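Novice: What follows is the residue order along each chain.
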Amino acid sequence: MGYNCVVCIKQVPDTGKVTGDAMKADGTINRAALPAIFNPEDQNALEAALRVRDQHGGTVTVITMGLPAACTILREALMCGADKAYLVTDRRAAASDTLATSYILSQAVKKLNPDLVFCGRQAIDGDTAQTGPQIAEKLGATLVTYLEGLEIKDGFAYATRNIGTGTEKVKAKLPALFTVMEKCGELRPFQARLAMKYKKARAPMELPKETADADYEALKAKGLDIGQWNLDDIGCDLSRCGKAGSPTLVNKIVNVVLAGGEFQEFQPTDEDMGRLVGSLIADHTIG
Amino acid sequence: MDRSQGEVWIYAEQEDGVLSDVALELLGKGRELAGTLGVPVAAVLLGSGVEGLAAKLFEYGADKVRLVDDPALRNYQNRSYRETMIELINEIHPQICVFGATFQGRDLAPSIASALRCGLTADCTELKIGDYTDPATKEEFKNLLMQCRPAFGGNIIATIVNPRNWPQMATVREGVMKMLDPVSGKSGELVKHQAKCLDGLELPVEVLEVVRTAKTVNLKGARVIVAGGAGVGSAENFKLLHELAEALGGTVGGTRAAVDLGYLEHERQIGQTGVTVRPALYIACGISGAVQHLAGMQESQKIIAINTDKDAPIFSVAHYGIVGDVCDVLPKIIKAVKAKAI
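Residue numbers (this note's numbering), protein chains in the order written: chain A, 1 to 287; chain B, 1001 to 1342.
Honestly, the hints are just simulated from the structure, not real lab data. Treat the hints loosely; a few may be bogus.
Here are the simulated DSS-like pairs of lysine-lysine, each with C-alpha atoms no more than 27 Å apart in a straight line [as the list claims (entries may be wrong)]:
hint	chain 1	residue 1	chain 2	residue 2
1	A	K252	B	K1128
2	A	K252	B	K1178
3	B	K1215	B	K1192
4	B	K1196	A	K173
5	A	K153	A	K173
Beyond 10 Å from chain B on every Cβ pair, some chain A residues (computed) [said to hold, decoys possible]:
hint	residue
6	T72
7	N113
8	D127
9	K169
10	L207
11	L249
Between beta-carbon pairs, the in silico distance windows are [unchecked claim]:
hint	chain 1	residue 1	chain 2	residue 2	range
12	A	Q264	B	V1211	27 to 37 Å
13	B	G1017	A	R275	32 to 42 Å
14	A	G57	B	T1213	51 to 61 Å
15	B	E1139	A	A218	48 to 58 Å
16	B	H1242	A	F263	23 to 33 Å
17	A	Q55	B	T1216	29 to 39 Å
18	A	A195	B	V1211	32 to 42 Å
19	B	I1086	A	K183	39 to 49 Å
20	B	N1090	A	K222	44 to 54 Å
21	B	K1335	A	D54	32 to 42 Å
22	A	G166	B	K1192	43 to 53 Å
23	A	Q264	B	K1192	24 to 34 Å
24	B	D1181	A	P35	45 to 55 Å
25	B	S1004	A	K243	17 to 27 Å
The structure displayed is predicted, hence computed values, not measured ones. We put the CB at the ideal spot given by N, CA and C, even for glycine.
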C-alpha cells in the first residue's frame, strides 16, 4: 500500500548572499536584490518524501505559498520527481506571520488528505522553525520535529530525531508531520527526462492573461499544469489570514549603531603582533 | 478580560530531572519584567518526580513555582506537555510566557501558540516592557512585551509586539540573558496543579530509545574564543584557528556562514541562532560582522578583528583591529603567543 505525502516548500532569499542593497529604506527585504532559492531544508524534506514513495509507492505532492515567481521551486520539485505541485497565492495572504501562514498551509494540506506531511525544519530567511509545528497542531497530526531518519512499517513511522543532547528513536502514529533536517539526505538531482518535461509546467497566473484559460487547458492535457489555489479555494476563514490573522506586529525597526569605543589598529607584521600579544598579557586578558 | 495583572511565566525546561541553563537565565529576565509590571514571576515546571527542582528555581529568581508532577509527563512529548501548558494558561491567564529556544522549546512553544492563536517571536535578543500605539487604529496599549530580534539582512533590529492575542509569547536562545547569582535558601510559593487533560490522554508517539551524546564543545564557558567566518576561506584554513585556540587554551567557534559552508560543526555556531558568548577575549577571523553574529558576541570583554575589508562592521565593535588576510596574520599571532610562552 502506498502513502500520500505532502511537502510544504518555500522560496527564500539566499541569505548567504546578502549585500548592501538587500534591505529597503523601510527595513523590509528587497527581494529583487537577492537571488531566490529553494529553502535548503525543504529540499531535504522533499527527498524524505521521495524515499517513502520509492519504497512503498504512493504520491508526493508539493505545495508552496507565495507569489507566482515561487513556481520556480515547484518546477524544480517536479524535475526531481514530485508528482504534483500546487501554488497557494492570494493578495489577501500578504503580511501573514507564522500563525496565519501555518493556518493557510494547513487548509491547503487538508484538501489533499495526506498520510505524511514533510516540512523543512526552518527557512533560512527567518529561522523561526514555527510553521511546521503549527501546521501539525492545526491538522491534528502527530508532530515529529528534527527528523534525521525515517522508516515506515506496518502503518507507523519509525523516526530518528535529533533532540539536541542526543538522538531519540520514536514510533509515531499516522497521519504525522515531520520537520526535516539536513541529515535526512540531500535532494536527488533533476532527472533529465523530467527536467525537459517540466520546464514548461506553469500555473495559471504565469500565463499571458489573454490566452490563460486555453493555454492552461492545453498544459493540463499534457500533465504540465501547476495547480493554483486562492484562499477561497482552500476554505480559509479570512479573519485568520494575512494581516488580520497575524497577532504579531512590527512595532519599530531600528538601525543598529555599533558602539565605537577605544579602537587600536595593528599592522599585520611580526613586530605588531608581538606588541598586541604583549598588551593582552599586560592587562591579564590572557596568560 | 483584563490580563494586565497576569503573571510572567518562564517555562522551566528539565530533562531527566536536570533544569536547563536557559530556564535559569530567563528567570533573571522574568524577574525584571515582572518587577516593571508589578506582578509575580512564576516558573512553570512539568515532569514526573521533579518537585525537588523547585528550590533551585526560587534561588534563581522565581516568586512562584507552578508544578505539574505527573507520571504521564516523565518524558517530554509534544502532545502531553502541550495540552498541559494550554490547560494551565487557560486557567491562570499569565500575560507573558517565555521559553528557551532549545530543541524542546522550539517544539513546544509554537504548538501552544497555534492552539491558543497567539503570537510567538522566536530567538529574541532583548525583552522589555513598553507602550505601543497601533498606527492604523490609534489604539493605545500600555505595558506590552517588546520583543526585539535582529531582522534578516543589514544591521537592523525589529521590535515585535502582540497587543491583542495574549499571552505574549517569545523564545530566547541559551546564553542571551544573564543568569542571576542564586540567592541561597530563598524560598517562594509552590503551587501544585493537576492537569485534567492527562487523564487517559493517548499519546501518538512512543519513545523507543534515547541516546545522549556528551557535549564536546563548551563555548559558553570558554575564556578565549577564536571564531571564524566565511572569510577564512576553507575548512583547511580553520586549522590555523584551532592552532591559535590551543595555544591560548581557548575554543574555536564561528559564524553561521562558516557553519553553512561546512567549515565547522553546528554546535560551534555563535550568534542569534547559535550560542551567545561573553569571553574575556574574542578573536574574530574573516568575520564581516552581520548583526545576527554581533548579537552573540559583542559583550565580549576584548575583541580582536582580522579582516581584509577595512570597512567591515566587525571593526566597529572591536578593540583591536588588523586589516589583513587570516592566513597571513594568524601564523604571526601564533608565533608571538608561542614566543611569550603563555
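Novice: Does K1128 of chain B sit within 27 Å of K252 of chain A, going by the straight-line distance between their CA atoms?
Specialist: 14 Å, holds
Novice: I want to verify a distance hint. Is the separation of the beta carbons of A195 of chain A and V1211 of chain B within 32 to 42 Å?
Specialist: At roughly 40 Å between Cβ atoms, V1211 of chain B and A195 of chain A fall inside 32 to 42 Å, so the hint holds.
Novice: Could one say that the CB atoms of E1139 of chain B and A218 of chain A fall in the range 48 to 58 Å?
Specialist: 52 Å Cβ-Cβ, so the 48 to 58 Å window holds.
Novice: Lying within 32 to 42 Å: is that true of the beta-carbon distance G1017 of chain B to R275 of chain A?
Specialist: For G1017 of chain B and R275 of chain A the Cβ distance comes to about 51 Å; the hint is violated.
Novice: Hey, K252 of chain A versus K1178 of chain B, does the alpha-carbon distance stay inside 27 Å?
Specialist: 25 Å, holds
Novice: For K169 of chain A, which was marked as not at the interface, is the minimum beta-carbon distance to chain B over 10 Å?
Specialist: 4 Å, violated
Novice: Please verify that the nearest CB of chain B lies beyond 10 Å from L249 of chain A's CB.
Specialist: Given that some Cβ of chain B is not farther than 10 Å from that of L249 of chain A, nearest at about 5 Å, it is violated.
Novice: Take the C-beta atom of Q55 of chain A and the C-beta atom of T1216 of chain B, compute their distance, and say whether it sits inside 29 to 39 Å.
Specialist: 34 Å, holds
Novice: Are all beta-carbon distances from L207 of chain A to chain B longer than 10 Å?
Specialist: 32 Å, holds
Novice: For G166 of chain A and K1192 of chain B, compare the CB-CB distance with the range 43 to 53 Å and indicate the outcome.
Specialist: 31 Å, violated
Novice: Can you tell me whether the CB distance of N1090 of chain B to K222 of chain A sits inside 44 to 54 Å?
Specialist: Since N1090 of chain B and K222 of chain A have Cβ atoms about 53 Å apart, the given range 44 to 54 Å holds.
Novice: Decide if the proposed pair is consistent with the structure: K1215 of chain B and K1192 of chain B, CA atoms, cutoff 27 Å inclusive.
Specialist: 33 Å, violated
Consistency with the previously given hints fails for numbers 3, 8, 9, 11, 12, 13, 14, 19, 21, 22, 23, ordered from lowest to highest.
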